[in-house]
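**Q** Next come the chains, spelled out residue by residue.
Protein chains: 2
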Amino acid sequence: MKMREVSEKDRLFYFERHFFTLDGLWMIETEEETDWKTALKIDTEVWKRLLKIIIRRLKKYLNLEENSLANLIEILTFRWSVEKWKYEIVKKEPDEAIIHVEKCPYHEIMKRNPERHDKIPLICKDMCIPFYEDIVKNFNSKISLDRKKYQGLGDPICDFHFTVEE
Amino acid sequence: MKMREVSEKDRLFYFERHFFTLDGLWMIETEEETDWKTALKIDTEVWKRLLKIIIRRLKKYLNLEENSLANLIEILTFRWSVEKWKYEIVKKEPDEAIIHVEKCPYHEIMKRNPERHDKIPLICKDMCIPFYEDIVKNFNSKISLDRKKYQGLGDPICDFHFTVEE
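So the protein sequences, as listed, match chains A and B.
Going by the numbering used here, the letters in the first sequence line up with residues 1 to 166, in that order.
Going by the numbering used here, the letters in the second sequence line up with residues 167 to 332, in that order.
Since the hints were made in silico from the structure, they are not lab data.
Some hints could be false.
For lysine-lysine, the following DSS-like pairs were computed, each having C-alpha atoms within a straight-line distance of at most 25 Å [to be verified]:
(1) LYS214(B) <-> LYS41(A)
(2) LYS149(A) <-> LYS119(A)
(3) LYS9(A) <-> LYS252(B)
(4) LYS252(B) <-> LYS225(B)
(5) LYS9(A) <-> LYS225(B)
(6) LYS9(A) <-> LYS175(B)
(7) LYS314(B) <-> LYS2(A)
(8) LYS175(B) <-> LYS84(A)
(9) LYS37(A) <-> LYS203(B)
(10) LYS175(B) <-> LYS103(A)
(11) LYS103(A) <-> LYS258(B)
(12) LYS92(A) <-> LYS142(A)
(13) LYS308(B) <-> LYS226(B)
(14) LYS203(B) <-> LYS9(A)
(15) LYS103(A) <-> LYS92(A)
(16) LYS149(A) <-> LYS218(B)
(17) LYS250(B) <-> LYS60(A)
(18) LYS86(A) <-> LYS148(A)
(19) LYS2(A) <-> LYS258(B)
(20) LYS225(B) <-> LYS2(A)
(21) LYS86(A) <-> LYS175(B)
(22) LYS175(B) <-> LYS60(A)
(23) LYS9(A) <-> LYS218(B)
(24) LYS257(B) <-> LYS2(A)
(25) LYS226(B) <-> LYS303(B)
The following residues of chain B were derived to be distant from chain A, with all beta-carbon distances above 10 Å [stated by the list, open to error]:
(26) LYS168
(27) ASN237
(28) SER247
(29) GLU274
(30) ARG282
(31) HIS283
(32) ILE289
(33) CYS294
(34) TYR298
(35) ASP300
(36) SER307
(37) GLU332
Facing chain B, a subset of chain A residues (Cβ under 8 Å, in silico) [what the hints assert, rightly or not]:
(38) GLU5
(39) PHE78
(40) LYS125
Yeah, the Cβ is synthetic: ideal placement off N, Cα and C, and Gly gets one too.
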């Protein structure tokens with residue numbers, strides 16, 4: 001009678017469900033113990049570092065070599081699919097890509113909790129927007145990201161328009 | 167060209183790896199922005215709440231009805247197997263169970279980081295010990311947990327000895 005056996009499905013259930021819960025609990029408890037501003041500052045630092053680690057790990061996991069636009073899209077859409085975002089790849093060319101995000105789990109979680117509604121535009125402006133600018137700049141300085149629509153600010157989608165400088 | 171496809175294996179890789187990283191980053195950044203005492207207090211609150219949620223979700227996921235010792239062992243060993251702990255179920259009877267934990271991922275992560283070595287006994291005493299007391303008490307007040315060995319305090323294993331009051 002050594003150890004209980006578990007399946008891949010069991011393991012996925014556990015980690016997926018508790019990944020989002022863990023992140024939410026840290027934010028709520030940090031705000032409780034300090035204040036909103038401090039909690040947001042810590043949350044931003046955590047996610048800036050986590051996203052750097054995620055990009056690096058996924059690049060390796062997907063066996064990608066170059067920091068091309070195509071590979072950046074590979075990494076981002078891998079993460080989005082894994083996290084069950086709803087999005088459409090509208091255009092995917094070597095020097096230009098357009099993606100429309102219809103749903104992201106972070107926005108959905110906040111929408112479900114009325115107490116977090118007033119925080120949605122702040123998370124959008126202070127976290128999501130700078131995070132993606134940061135990701136793109138760090139990945140390849142020749143890639144530009146232009147965003148004009150934000151669900152967190154009331155738009156029906158979030159748009160991501162990537163171009164590569166020649 | 168709608169969305170990128172990912173497999174269950176991809177999803178498990180992503181959530182498992184980043185679950186532990188996310189938790190570690192929150193702790194480190196909270197300590198950086200506040201201090202060790204505040205960070206430990208928040209970490210303790212987060213995990214006390216998370217473990218309650220985990221127990222509740224796993225009880226439902228595993229279709230368990232009663233709060234018996236057998237079901238508590240089912241839930242705990244499910245979580246430990248999912249998180250890749252190394253343990254041995256030494257005894258599993260309706261009114262008594264003994265489990266020896268040889269490795270837990272939280273201790274392993276701290277052991278790998280020399281800067282966290284001095285924190286191991288504190289995490290052991292201020293988090294792990296009260297957490298399991300709390301879990302057992304909340305699950306069924308007739309179940310008692312007696313622990314005498316703690317890896318975090320220098321023992322070669324952590325022992326869990328459960329008994330049920332008649």
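**Q** Against this structure, judge whether each hint is valid.
**A** For each hint, the structure was consulted:
no., hint, in the structure
1, LYS214(B) <-> LYS41(A), "23 Å, holds"
2, LYS149(A) <-> LYS119(A), "18 Å, holds"
3, LYS9(A) <-> LYS252(B), "20 Å, holds"
4, LYS252(B) <-> LYS225(B), "22 Å, holds"
5, LYS9(A) <-> LYS225(B), "16 Å, holds"
6, LYS9(A) <-> LYS175(B), "9 Å, holds"
7, LYS314(B) <-> LYS2(A), "21 Å, holds"
8, LYS175(B) <-> LYS84(A), "14 Å, holds"
9, LYS37(A) <-> LYS203(B), "19 Å, holds"
10, LYS175(B) <-> LYS103(A), "23 Å, holds"
11, LYS103(A) <-> LYS258(B), "46 Å, violated"
12, LYS92(A) <-> LYS142(A), "17 Å, holds"
13, LYS308(B) <-> LYS226(B), "21 Å, holds"
14, LYS203(B) <-> LYS9(A), "38 Å, violated"
15, LYS103(A) <-> LYS92(A), "20 Å, holds"
16, LYS149(A) <-> LYS218(B), "39 Å, violated"
17, LYS250(B) <-> LYS60(A), "23 Å, holds"
18, LYS86(A) <-> LYS148(A), "18 Å, holds"
19, LYS2(A) <-> LYS258(B), "11 Å, holds"
20, LYS225(B) <-> LYS2(A), "21 Å, holds"
21, LYS86(A) <-> LYS175(B), "20 Å, holds"
22, LYS175(B) <-> LYS60(A), "15 Å, holds"
23, LYS9(A) <-> LYS218(B), "22 Å, holds"
24, LYS257(B) <-> LYS2(A), "10 Å, holds"
25, LYS226(B) <-> LYS303(B), "19 Å, holds"
26, LYS168, "6 Å, violated"
27, ASN237, "12 Å, holds"
28, SER247, "4 Å, violated"
29, GLU274, "16 Å, holds"
30, ARG282, "17 Å, holds"
31, HIS283, "22 Å, holds"
32, ILE289, "16 Å, holds"
33, CYS294, "17 Å, holds"
34, TYR298, "17 Å, holds"
35, ASP300, "15 Å, holds"
36, SER307, "25 Å, holds"
37, GLU332, "24 Å, holds"
38, GLU5, "7 Å, holds"
39, PHE78, "6 Å, holds"
40, LYS125, "20 Å, violated"
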